Each structure stands twice: as C-alpha cells, then as structure tokens.
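Peer 1: Chain residues, written in single-letter form:
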Amino acid sequence: MTDTQPTGTQPTGTLLERRNPTVKVALLCAVSLTTLFLFDLSVLAWLWGLGVVGALATTRLGARRLVLAHAPFVAFGVGLVAVNAVTRPGPALVTVLGMDVTRAGLAVGAALALRALLIGVVTVAFLASTPPRELMVSLTRHARLSPRYAYALLAAHRMLTAMPRRWATIRAAQAVRGSGPALPEAGRAVVTLLVGAIRGAERTALALESRGLGSGPRSVWHVVPLTWADGVFAVVVTGVAGAVLAFA
Amino acid sequence: MSGDGTAGGPATGDPSTGDPALVVTRDLEAVFASGDGVGPLDLVIAPGEQVLVLGPSGSGKSTALHLLHGAIPHTIDAQVTGAVRVAGRDVHRTPVAALADVVGVVAQDPETGVCLPDVDDEVAFALENLGAPTTTIDDAVPRALDLAGARHLGGRRTDELSGGELQRVALAAAVAAGPALLLLDEPTAMLDAAGVASVREAVARVARGGAASVLVEHRLDEYAGDAGTAGLPARWVVLDRDGRVRADGPSAQVLAEAGRDLLADGCWLPVDAELDVLFGSADLDSPQVRAGIAEHAGRVRERAEERSRRAAVGPVGAGALAGVGEGEVLQACGLDVAPLGAPRPTRRRPGRAVLRGVDLTLHPGEVVAVVGENGGGKTSLLATLAGVRPPLAGTVLGPRPGLVFQNPEHQLTRLTVRAEIGAGLPPGPARDAAVDDALDRLGLTDLAERNPFRLSGGQKRRLSLAAVLVHDRPHLLADEPTFGLDRHGTIAAARALAAQAQAGRGVLFTSHDLRTVAAYATRVVVVGDGRLLADVDPHTLVRDDALLTAARLRVPRLVRHLARSAPGAATLRTELQGLDDAVLGLSQTAGVLP
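Those protein sequences? They're chains S and F, same order as listed.
So the first sequence is numbered by this note's numbering: it starts at 1 and just counts up by one.
So the second sequence is numbered by this note's numbering: it starts at 1 and just counts up by one.
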C-alpha cells in the first residue's frame, strides 16, 4: 500500500511537515502564551521576522501565499494600533480629527499588532504543514485525546469542506425565486444550511458508531511517529525564542 | 467472507446455543413518537442468505434495518418491543459499536456515510476500531477495495469522489472487517445509472464471499438491470403501508402473492415483474404484452388528439398561460458554464468551464430533457440559464425562467408550507389566491400549515415545484425532478411538467432516468466531455450506440426493446405513457398530481 498511501508523516515532506503534530501544537501554544507577557517591540519584531523566515524555509507556503495569509492579521493589527493610539493617556504626539495620539498608545498598539502577526504566521505555518488526519492520530496517541472526539472532529472537518457548495446552492435557490431583503434571506439560508448540517451530522455519527468507534481498545494503522528529531526541533525553537528574549 | 482473509472470520449463527440462524427476530416492533412504526417482525436469516426488503414509501423499510443492528433504540429514539439476536448477541443489550465485527452497514447518503478525508483510512477505520493488528489491516484494505470494485480509488481523497465512487468506498469500509451480515439501506438512492450498476456488481461480489445481506431498495428496475428479477436477492420480504410483513419467501412466490399490491402501491418492480402483473407475461415479445402495450398506447394517443382538437377549437386553449407571447423563447448562445459553487472568476483565475460553447433554444410548449453523466455540468447549465450564475462567456436571451432544484431541502427557507410557496411574492390577496391555487394543484392543501422540513421526500419535491410554479414564469427548469421518487411519484412529477408544457410553458429538465425521458420529453440535449454532444429526439438517442457510449448512458431494457420496433419518438412516448397509465390504473389513490 505504500504506493497509494497519501497520509502518514511523509519522509519526503518539508522540515515542518515531518515534525510530530502534537509537538507542533505544544510549541504553537507556548509561543502564543509567551507573547501575552511581551510588550517589547524589538523582541516581538524579531520573533515575527524569525517566524516568517521559518515558515518560508520549512513549509511549501511560498512568499506569495504567506503574504496573502497575513492579510487578516494585518487588518486586525491596523485596528489595534488605531484604537490604542487614541485611547491611551499621555502627552499628545499629534492630534487627528480632534483625538490625541499618544506615544504610549502607539507603542502598546504596535506591540499588540505584532503579537497578532506573530501568532498568525506561526498558526499559518502549522496549518500548512499538518494534515488533519495526522493531527488527530497524533493527539490521540501523544496527548491522550479520546478517539471518539478525534474522529468526530475529522468527520466534521470533512463536512465543513462540503459547506461552501451547499451554501451556494441554497443562495441560488433563493435568488431564483426573487426573494425579499438581503439580510433576513441570508439568515433563513443559514437556518437551511444548519438544518442540513445537523441531519448530516446525525447520519455521520451513526456511520462512525456502526464502524465500531468506541467499542474498545483500538489499533492505529499508520502511526504518526514521535522521534528524537521532534525533541531537537522543540529544543531549537524554544532555544532561539529564549535567545531573542534574552538579547534583543 | 472467510475465504477472503479479511480480519474476522464470519460469525455463523449463535455459537452459544448452536442455533444455525444468523439473525432471529421475535415480535420485534418499533413505534416512534409520531405513531409511525414497523413490525411485528418475525424473521430468521441463515448465514449467507440474501434478503431483499421492499414496500411502499413510508412502510418502515429503513426502520427495519435500523432495528437489526441496534441503531434503534440505541441511537435513534423509539419504543421497541420484542427481541432480536444477531450471531447470538442480544442486539438490545449490545451497543451499535460492539456489533461492528459481525454487522457491516451501508447507508443511503454516501456524503454522510463516508466519514474520513482519505479513502484508505476510511476502509481501515473499522479494523482499527476492532483493534486489528496493522499487518492484517495492510492486507485487508486493498482486498476490501477490490471486493467493492474500488481498488483504483485507493490513495484518493474522499472529497474529490463522485457519489457512485463514494458509495463503493462505503461498501469497502463495511466489508473490510469481514462481517457475517451486511445491511444495505437503499445504497443506490443517490446515484446515476452507472453508479447503480457499479454498486450492484460490488454487492454481488461481496455476497459471493459468503456474507448474508439484507438490502432495502425501491428502484428495483434499475438495481436489477438487464437480468430482471433474477438479478435480485432470492428471498423477498414485503412490508405493507403499516409496516407489517405482507409476504416473505422466494421472489417468484412473493411476486405472485403481492406483486400486484406492490405495483399498485407505487413500488418500482423489475420490468419483467411489472409486465407479468399488468399483462400476465414477463416476456416483452409475447402476444399478451404486445397487445396490452398497444391498447394502452392507443388510449394515450386518443387523449392527445382530443386535447389538440380542443386547443384548436377554443379561442385560447383551456389553461393556456396568460401573458406568454407566441415564440417567446429562452436562448443560450455560445455559453461557457462555470461549475455551481466554484469561486467567482477573477482576472488572475479566469475560472474553468464545466461546459463550453452551448447553443440551446427552448420554445414554449416543448419538454426538453438534458442527459449526461453525474458531474457533467447539467445542474450548472440550469443555474446559468436561470440567471443564478453568470456565464463565463456567451449570453442567455429571453424571459427569466423558474428553476426547481434537485434537493428540495436546499430550497426550503420558511416555517410552513404556505409561507414557503408564498416566499418572494408581494403580499396581498393576489398572493393568497395564487398560493391556495398552487396548494390545491399539487395536492398540498392538507399540509399547508406543516413545517416543510418534516414532509416526506415526495411531498418536499411537490412543494418545491409549487413554490416555483406560483411565480408564473414562461419557462420552467427542473433539476432531476424524479430523483428518488417511487413509481407513482415519478409519473406524477413527469406529468406535472408535461402539463406545464401543454399550458404553454417551455420545460427543460435534467434526468438520469431514460425511461422517463423517452416517455415525456420531446427533445433530448446530451452533454458529455465538457460540451453539448447532441440535440436529438429520444427515439434517435436510445438507438445511437456511439452517442450513448460517448455520453456514458445506459438505456433500460424496456426502452431499448420498444425503440427497436417503434417507428419514431411519438410512438415510443405513447407506449411508455400507456404503461404508466396501466400502473396508475391498478390503484385509485395514485396520481396525486394533475
């Protein structure tokens, strides 16, 4: 089956694709939590810069897709800077539309924005390098997540990918009949979509059960390995981040 | 399935008592909160036995299957009495998951019956859950895929497969653990003709492996294929409208006992069985059958002549549309059709067309069928003609048509049937009158205050048709209007469309059912290979083997046979409509639609 097996940690994948998903989840959480205590702009900028370099070097994202993936985080960051700049107390740098922009406000806003960019780039790199199946298999094995939740989540992921098409069909059906005001109609379409999703979920739950999910101890066909390389990876990431915190 | 070397050996009978039966039910009965139910069932199924469960819509066939593997009462709530044992296990005391080593299940909807993102994982899943060693799984997965005719799908992602392919993956997943009992709940309900054939062949292969199976299926003519009754399981169990066992035995005996009732109740039967019930002979070439078909066709022809006489005499034909001008056609010129649900094209990504260069004209009063493979762009073509999707190239000219979608649930957005039909109409007495009229015409008056989502499949489809008809558009487009309906529902839906054409509308519908197409369409548009392959009459299509092969269409045996002797499309049409008349004649309650 090796010729047809698409999943399982790929020995030929990029550096980040070959890493254990549970280790990646743990590092992602650690980085996100650490930034909660950081307001130093240069530290955050260094970490974000390293995140970008790391994402480009260890995933298949490429510069164009990475820039596009930044768009929502940049928009969020701009909002953070704008709000904080005019709401923090302190001596005014300039006055815009009758509101005082303060140095402290700009600094806090920029720090929060960089925090969003950093968490964003790390998350994007994680998603781009981790197939859902590997994540779930690894979490059940290395993080003791119950298979009942893990496989229910995988099935839910499959249903989600089918939703855009269903949504388009429902909206098309409304458009054909020349419906009323846009907002209430969209609301009704959401109800229609959800009714279908709930019914589908019931059937999928029965399918999972009738295949024996939760019947007892289970085996795993293609194990997602946890190796010394994952340990090295974790040490390198925390080491680099620690060095930046210490010296930047 | 022991000979296949899958994970577990087949459990045969009850190891504790030595009872050779695989399934034993005693006074088994389920009643839902709504009052509907099934039973009492007293069934004994031997290891390896092939059973077909049939009965009219709403007779509880799926409920019976759910009872056999404990989905009722463990997962689906119902009041259950009596006893059921499978391979010696008391199903009422065994969770559904704990029967997975002896029972494999294939559900109706392949979209929700397949759970995981990758085909191989899906097939391995049951074995993993049973704790099978990985070396066993290595062998069992390709073997199960082979058995289900899905070897070539190994390594694919499940979200890129068609319904027929998905259903074969679901079948492979159900047989991977080598179950002694296979439960199949209308496994072909969502498939086109090619999908039906592939699933039937896969089920037959699995059966030869030694597993017993219980198949619920109502599209028996399509499922049986050219083999007719002989292509179906040997033992038939018939449920009546109240969910009780009406007949149980070898197919020939059951047909003799209950065949007439089944046909009168709207069940599809293999064509040989249908002819036997109607004319007393299963042979298409026998004098009785030829005379019977000719007689009914004659009456259809007389009715049509009478209708055209009346239309010619009256100033405007009775029921003709007001406001529909002569020659107001719907026309597509050089249309490139984008797939429905694809992202809007941008300059960077111009969008891929699923159909290119479509030229098509729909005239008032004609019934045009669009046929072709699943995924060939039929639905997207209808959406583009209806103005829902802008074409990638080309233009659509003419008045905006109405469109009935394939899955009626996608169209339902209101809380009552009445509100659903009135949606999109300006409020006022005119709307109330139009809605009342539509309710009446489609037999929905008694259901007017019901929640649309709680209707049966056939009722939902009538509702979706009523909700479009009420807009009084000059042309009507319908996507698979007969899909999943029983025999009566199919005839009623096809005749409702034909009636719209007689009233002066242009009707265009997609279908995979060439019997309905040949019986009601005046023209057929064939799509395949991303373009319009032909625009012909049905009689020409079913005789053109090269065209049928190119479009991957299968013509039912009955249509093929009648087309050989019929001089043209009109004769073929009247003969097939005559057979529909004969079936409706068996039942006084049939034919709810005008």
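Where hints are given, some of them may not hold.
Distance condition first, Cα-Cα at most 25 Å in a straight line; then the derived SDA-like pairs of lysine to any residue [as the list claims (entries may be wrong)]:
hint, chain 1, residue 1, chain 2, residue 2
1, F, K460, F, G394
2, F, K460, S, G200
3, F, K460, S, M163
4, F, K460, S, V191
5, F, K460, S, L194
6, F, K460, S, M159
7, F, K460, S, E185
8, F, K460, S, A246
9, F, K460, F, G484
10, F, K460, S, A168
11, F, K460, F, R241
12, F, K460, S, T95
13, F, K460, S, R165
14, F, K460, S, W167
15, F, K460, S, A162
16, F, K460, F, D36
17, F, K460, S, S32
18, F, K460, F, R441
19, F, K460, S, P184
20, F, K460, S, G90
21, F, K460, F, A291
22, F, K460, S, I198
23, F, K460, F, R418
24, F, K460, F, S62
25, F, K460, S, R199
26, F, K460, S, E202
Listed next, the stretches of chain F that the computed footprint assigns to chain S, with coverage defined by at least 3 CB atoms under 8 Å from CB atoms of chain S [claimed, not checked]:
hint, region
27, 91-98
28, 107-121
29, 518-531
The hints are simulated quantities; they were obtained by calculation from the structure and are not laboratory data.
Note that the coordinates shown come from a computational prediction; the quantities given were computed from them, not determined experimentally.
Just so you know, even glycine gets a beta-carbon here, dropped at the ideal spot from N, CA and C.
Peer 1: Each hint: holds or not?
Peer 2: The hints, checked one at a time:
| no. | hint | verdict |
| --- | --- | --- |
| 1 | K460/F to G394/F | violated, 34 Å |
| 2 | K460/F to G200/S | holds, 17 Å |
| 3 | K460/F to M163/S | holds, 22 Å |
| 4 | K460/F to V191/S | holds, 17 Å |
| 5 | K460/F to L194/S | holds, 18 Å |
| 6 | K460/F to M159/S | holds, 23 Å |
| 7 | K460/F to E185/S | holds, 20 Å |
| 8 | K460/F to A246/S | violated, 67 Å |
| 9 | K460/F to G484/F | holds, 12 Å |
| 10 | K460/F to A168/S | holds, 20 Å |
| 11 | K460/F to R241/F | holds, 19 Å |
| 12 | K460/F to T95/S | violated, 63 Å |
| 13 | K460/F to R165/S | holds, 21 Å |
| 14 | K460/F to W167/S | holds, 19 Å |
| 15 | K460/F to A162/S | holds, 23 Å |
| 16 | K460/F to D36/F | holds, 19 Å |
| 17 | K460/F to S32/S | violated, 50 Å |
| 18 | K460/F to R441/F | holds, 15 Å |
| 19 | K460/F to P184/S | holds, 23 Å |
| 20 | K460/F to G90/S | violated, 65 Å |
| 21 | K460/F to A291/F | violated, 38 Å |
| 22 | K460/F to I198/S | holds, 18 Å |
| 23 | K460/F to R418/F | holds, 13 Å |
| 24 | K460/F to S62/F | holds, 19 Å |
| 25 | K460/F to R199/S | holds, 16 Å |
| 26 | K460/F to E202/S | holds, 20 Å |
| 27 | 91-98 | holds (count 4) |
| 28 | 107-121 | holds (count 12) |
| 29 | 518-531 | violated (count 0) |
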